[in-house]
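A.B. asks: Sequence:
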Amino acid sequence: MSNKIAKTIARQKEKIAEGNYYEAHQQLRVITSRYLKSSDYTSAADILSNGSLMLLKAGQGGSGGDLAITLLTDVYTKASWPVNDANKRRVIEILQAFAPGEPTRKRFIQELSTWMTKEGIEGSNQERGDPELHHDIGVLLANEGEAYEAERHLLLGQVPQSAQPLAHMHYNWYKEDSPHTAAIYASRSVLPYLVLGNLQSATIAMAVFTSQLLSNNTSIPTQTIESSRSSVRIFPSLPLLNFLSLLLLAVQKSDKSLFQQLARHYAAHLKDVGDIWTDALAQIGDIWFGIKLPRQGGNPLFDMMGSMLFGGGGNQAQKSSAGSSQARSSTPQPQAQIKAPVAMDLD
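Numbering of the sequence shown is given in the working numbering, commencing with residue 4 and proceeding in unit increments.
Rather than coming from a laboratory, the hints here were simulated on the basis of the structure. It is possible that part of the hints are untrue.
[Claimed, not checked] Pairs of lysine to any residue, SDA-like flavour, derived with a Cα cap of 20 Å:
id: 1; residue 1: Lys18; residue 2: Leu56
id: 2; residue 1: Lys178; residue 2: Asn146
id: 3; residue 1: Lys295; residue 2: Thr281
Using the sequences and the accompanying hints, generate a full structural model.
C.D. replies: Put into structure tokens, the structure is as follows:
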């Protein structure tokens, strides 16, 4: 940062400390516009990032958010700045300075997503964006109880450390629902991760969810299916949770016949969850076992994810940002007598 820019920032910092927020905001915008007109994006970025941080920390979410959004639209995206560590650190620091619920933060995250998926930008990923940025956004939103938005970012993060907070969030969400719905909540991480080709995160998420389930329900009956090379914990009262565990095993073993056997064995239970799981399992069959799907328009991967995560087709109840929960209409009803699945060939 040049001395000239440092002095400019120091002057505006004094104005903000004195409570002259509007004046500081307007002067920062005017000064920035001059640098943008001359394509001095580095100086503009220094002013916008520092100015937004000062205003956000002073509780001026609207003004600080305005400068933060300008940084993304007029510098990062317009100038095609690369998605690298330095540029990511700058925007993550700003993101973390927003107060929870600040309206401009939503637009900031949208523009952040635009930048990290823009064609022609070094380091961008047009389909999924940047894993680390998605992870940081997802963790922040999860901590604030913004479940729907958080899970989308934690799934797209595609880094192993995203699976744990996602599974924790789904388990806490599950605790507000009926005991028999465990598999519905576990599936919200396991199935999309598998559709995205991320077996490692799907396995971690399942392990975290079931570990919490056992820790908080010490009397829940369990069984173990073992072979010379595999071991799976079974919950006799939760058949669909068992299906997810065995599905992960089939994927780990690249065992197409086991996948097909599971589909037959749990057919009656799978009918209870309707088309949401059906679409996901069809994608998993294609991706992991080569069971080809009919050609279709659009992007079936993200169509399925949208249906699972956001209640596509109006079939799922919505969760408010305050953290209240309702059972999904696709949630299977408890059954009077559920038998433990028979042991399958795990070798």
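A.B. asks: Next step is simple, just say for each hint if it's right about the structure.
C.D. replies: We went through each hint and held it up to the structure:
1. Lys18 / Leu56: holds (14 Å)
2. Lys178 / Asn146: holds (16 Å)
3. Lys295 / Thr281: holds (14 Å)
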